[in-house]
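Could you use the hints to bring the two separately framed chains together as a complex?
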Amino acid sequence: QKEVEQDPGPLSVPEGAIVSLNCTYSNSAFQYFMWYRQYSRKGPELLMYTYSSGNKEDGRFTAQVDKSSKYISLFIRDSQPSDSATYLCAMNGGGSNYKLTFGKGTLLTVNP
Amino acid sequence: SAVISQKPSRDICQRGTSLTIQCQVDSQVTMMFWYRQQPGQSLTLIATANQGSEATYESGFVIDKFPISRPNLTFSTLTVSNMSPEDSSIYLCSVGTSGGALTDTQYFGPGTRLTVL
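In order, the protein sequences belong to chains A and B.
Numbering-wise, our numbering puts 97 at position 97 of the first sequence, and it's gapless, one number per residue.
Quick note: to get our numbering, add 1000 to the position in the second sequence (first position is 1).
Honestly, the hints are just simulated from the structure, not real lab data.
For glycine and all other residues, C-beta sits at the position ideal for the given N, C-alpha and C.
Incorrect hints may have been included.
Unchecked claim - Derived lysine-lysine pairs resembling PhoX-like cross-links, with alpha carbons at most 25 angstroms apart:
1) A:42 with A:104
2) A:42 with A:99
3) B:1065 with A:99
4) A:70 with A:42
5) A:42 with B:1007
6) A:70 with A:56
Claimed, not checked - Only part of the chain A face toward chain B is listed, based on derived beta-carbon distances under 10 angstroms:
7) 13
8) 31
9) 43
10) 46
11) 56
12) 60
13) 61
14) 70
15) 88
16) 95
17) 101
18) 102
One chain only, chain B, in its complex shape (with noise of 0.2 angstroms):
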């Protein structure tokens, strides 16, 4: 399996403030993708990562607030802009685990703890 850290692993804000999460992988891979995770809610997709395009987001997550970069394929960074106590959360990269460009499942990172006051 893969390999990935993040960075930071956790980190207290202020509202207004924006932080850059980084995630790295040990090895090659096609699909990279960014989760939140609310307490007591289910992990919520914000975007694919895809490498040398704009970033594909889901359905209530857009650009301007969560800028992504894919400068690779094992590097890529997710920025919350403009906090607010509300994007308070655990982020989390993962990696489709097939080679190619379709994958059946992922492996997740460690994920980045974020408390905006």
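Bound conformation, chain A alone (with noise of 0.2 angstroms):
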């Protein structure tokens, strides 16, 4: 079993969907959860970092973490075209386990 399970897609939606995307994880030791927009031919961009459980919002996008189900999740509200990208979840214990494990990435597509 990977540390980090991240379904790649492809996903596609019409624009002003509600998009979720999730992955799962095994290693109990994470507490630091991420998530990374990566544009066609471009480096990863830093979405959204949350520690622990718990939800946190910012604009169209609301990050999810379940550490007792090993479960995150990232929900994007009307999405746009704009919001076509692959999306890759990122954990890490925090600390001196600063490595990061990463999702291989759910490749999103917005229909206009």
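See below:
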């Protein structure tokens, strides 16, 4: 079993839809959870950053972490064509356990 | 957030040659990292570039193949040596977001897209 599992998609939705992206993980030591957005031919861009369980909202984006289920989610409301990208989840234990473990990424296309 | 640049942005190289990739950050950072991103794969950490000492390599990566320099707190290079087509990949540098030696998350550069023929 891989440490982080992420459905690679591709996921195609119409503009305005609510998008749900998910990752599961196996390492209970993970404490910090991130979502990166990567446009084609660009480096990953840090989108959301959450510590431990709970929700975090930033504009149209909401990150959820359920440590009891080892499951994290990113919701995108009112999705836009500019949201079309690959979304990568990443996580680490924090502190001296700073190395990030990444999912493979989910390719999202938002159709106008 | 830190502004990170990489050179070159892309290159096509012949088998057996070497390529040095540069990473420049607009502020001093303690932690710098080098990753490889192969198609359909997760980002894989190659090594942590330590200022003033040898890089710390991950399992499966060796200094002879991927020598790294870190002469100061804003700059690092990664060399891909004696290249083969299997080295074709995107190479990314990243920096830790906290100012100290410990970091919780990272910012990434734009990447270098390498094709080996």
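Hint check:
no.: 1; hint: A:42 with A:104; verdict: holds, 16 angstroms
no.: 2; hint: A:42 with A:99; verdict: holds, 21 angstroms
no.: 3; hint: B:1065 with A:99; verdict: holds, 21 angstroms
no.: 4; hint: A:70 with A:42; verdict: violated, 29 angstroms
no.: 5; hint: A:42 with B:1007; verdict: holds, 13 angstroms
no.: 6; hint: A:70 with A:56; verdict: holds, 17 angstroms
no.: 7; hint: 13; verdict: violated, 22 angstroms
no.: 8; hint: 31; verdict: holds, 8 angstroms
no.: 9; hint: 43; verdict: holds, 4 angstroms
no.: 10; hint: 46; verdict: holds, 6 angstroms
no.: 11; hint: 56; verdict: violated, 13 angstroms
no.: 12; hint: 60; verdict: violated, 20 angstroms
no.: 13; hint: 61; verdict: violated, 16 angstroms
no.: 14; hint: 70; verdict: violated, 17 angstroms
no.: 15; hint: 88; verdict: holds, 7 angstroms
no.: 16; hint: 95; verdict: holds, 5 angstroms
no.: 17; hint: 101; verdict: holds, 8 angstroms
no.: 18; hint: 102; verdict: holds, 4 angstroms
When each numbered hint is compared with the structure, violations occur for hints 4, 7, 11, 12, 13, 14.
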